[in-house]
Amino acid sequence: MLRVIVRRLLQLVVTLIALSALIFVWLRNLPGGPVEALLGERATPERRALLIKALGYDQPILVQYGKFMQRVLTGDLGNSIRTGDPVTDVIARAFPATIELAIAAMIIAVGLGVPLGYLAARYRGRLLDNLTIAGTLLGISIPIFFLGYLLKDVLTQDIHWFPPSGRISTGMDNTSVTGFYVLDGLLTREFDASADALWHLILPAVTLATIPLAVIVRITRASVLDVLNEDYVRTAEAKGLRHRTIRGRHILRNALLPVVTTIGLQTGALLSGAVLTEKVYNWGGLGTLITDSISGGRDYPVLQAIILLAALVFVLVNLLVDLSYAFIDPRVRVR
Amino acid sequence: MSLLDVRDLSVVFQRRGERPFTAVDQVSFTVEPGQTVGLVGESGCGKSVTSLAVMGLLPKRGNRVTGEVLFEGTDLLKLRPDDLRDRRGRDIGMIFQDPLSSLNPVIPIGVQVAEVLERHRGMDRRKALREARELLDAVGIPDPDRRLTEFPHQISGGMRQRALIAIALACKPRLLIADEPTTALDVTIQAQILTLLKQLVDETGTALIMITHDLGVVAGLCDTVNVLYGGKVVERAARHELFARPRHPYTHGLLNSVPRLDSVRGERLHAIRGSVADNIPWVEGCAFAPRCDNVVDACLDGPPPLEPTASGGDLRCNNPVSEEVAVP
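The listed protein sequences derive, respectively, from chains Z and E.
Using UniProt numbering, the first residue of the first sequence is number 1, and each one after it goes up by one.
Using UniProt numbering, the first residue of the second sequence is number 1, and each one after it goes up by one.
Simulated from the structure, these hints should not be mistaken for laboratory data.
Treat the numbers as computed from the prediction; the structure is a model and nothing was measured.
Treat the hints with care, since some could be wrong.
Said to hold, decoys possible - So the derived label-pair ranges between C-beta atoms look like this:
1) E/Asp124 x Z/Phe145: 53 to 61 Å
2) E/Ala219 x Z/Thr245: 36 to 44 Å
3) Z/Pro143 x E/Arg146: 55 to 63 Å
4) E/Thr66 x Z/Ala222: 31 to 39 Å
5) E/Arg146 x Z/Arg331: 12 to 20 Å
6) Z/Asn130 x E/Asp278: 38 to 46 Å
7) Z/Ala222 x E/Arg61: 18 to 26 Å
By construction, the Cβ of each residue, glycine as well, lies at the ideal position given by its N, Cα and C atoms.
Take the sequences, apply the hints, and build the full model.
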């Protein structure tokens, strides 16, 4: 087991190094850049040359990359070109916001998706099943930004059920401990702050959850249909076990194996979906940071760091999924 | 009163847009306490569907079950689903064909045995596991303590079937239904499992319905045999009677097609010609008529009735094999 983990972590390092090189070259070949953004269009060539030299962009790209990696290894990701703040600080502020949003979305997607998928399979071909299938099709195909603005318009402008944007009401005097506002409120016993943050969290989380929810419903449904036909479910029925026991111990336990894999793969969808969702609800997480860093003059250091972090999160979550698999399914357990 | 009295049991499968198919056609048979009864026939003759109908394990949709299944006088077909659930596993146990797929792959063997004890005998997990250990020991699984925590893929095929037998007999049911319990096993293991079943049935006094296509299994185990063809009982007889004097041409053909060690070298094996696909519907005549060597005109004039024979059995045939030309 330990050997598997170590091997996977080594693979992760190689992946990240390759990815960092790719991003580095790719970003620097995008049209526009920090120099144009900082100096504007009418800057004199002399001033431009001076800034390019000051930022080190006149050196060969390999040298630039080498210096970047050297600093990364010492834990220094550089400073934001836009604001001048250290990249680590900028990201540390935005990261918990996005993770809080992603976790909330995943709770909705799994908490709603698994029961719905189970019921659709159980009542296959009936009204509930057909409605669910139609719903998942809509959920997969509706663009996130469209759904986001729609929900926002109806539920925050027409009827004021939810706050339109932000993570917490202005004037809410909350203490930040972890950066996860809902959790912070519970830790510091500022329950009003917790509730307020949760209230802000619901709409963005629902928006972000639609695609993973639709995927999880479909996978669960297909998987439960498979398991329902298994001989061991018939054995369980022949034992006269209660419906509850058969559902939990014999059907869902087996049917959820593919769903767990899906959860890992959906992390990618969550991270990319977060960019759009955060824009719509002005969330102030990594998604907002990434859009601001691109439109605000290609903030190379920040962009590099965010993309690498996203890759790191994705690979780690999938590593966790693979490891959990070994615990759930005895057949894949490694000696 | 018989332990189990199946009367005119019919199962019709009907899927939307398809013609209804009668898998079991007015089958009647009885099982006395402690008796071993065989249901014999080839694939598709309705023997498994019969057992699933008795257990109430057929899919909820797409079929119609009629007739009566009287277990100690109670019609199981009329019980509410929850009441039937209370009886399954407690009064009637069942073991299936494929022991690997019949066990849950992600749950330890011990729990799979224990849960039926928890359900029907109100034991807590600790007590049920202790009892499960005894049961595994009783069905001849070596090192039962270790097996409790092992998973189905970690033990052999024979042991899996033994575990399933332990599950089925855990609550000391009065009836055990075994649906081709040896088909998926090696020949040497088959013999062990049959010996075990025979021994357990003798010890506990449990009645047994043995569903099989293997006449060898019947010969070693059953008191009475019901031969099914095309969803109907075509012959019923005591074991010795059936093997000594098979009357129905189908039974005769089955016995004749068993290879014998004492046959003359080079002699061709007898086979029943045609296949189940040649069957005609029972309403038009005897379903076996197209494959039968003894066919007469009356066979195509509607279904022959099931009539008692002189030797105490029942026979559904217009022109049975005469007792003289029976298997040597």
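Checked hints:
no. : hint                            : result
1   : E/Asp124 x Z/Phe145: 53 to 61 Å : 55 Å, holds
2   : E/Ala219 x Z/Thr245: 36 to 44 Å : 40 Å, holds
3   : Z/Pro143 x E/Arg146: 55 to 63 Å : 56 Å, holds
4   : E/Thr66 x Z/Ala222: 31 to 39 Å  : 34 Å, holds
5   : E/Arg146 x Z/Arg331: 12 to 20 Å : 18 Å, holds
6   : Z/Asn130 x E/Asp278: 38 to 46 Å : 41 Å, holds
7   : Z/Ala222 x E/Arg61: 18 to 26 Å  : 19 Å, holds
Hint compliance for this structure: every hint is met.
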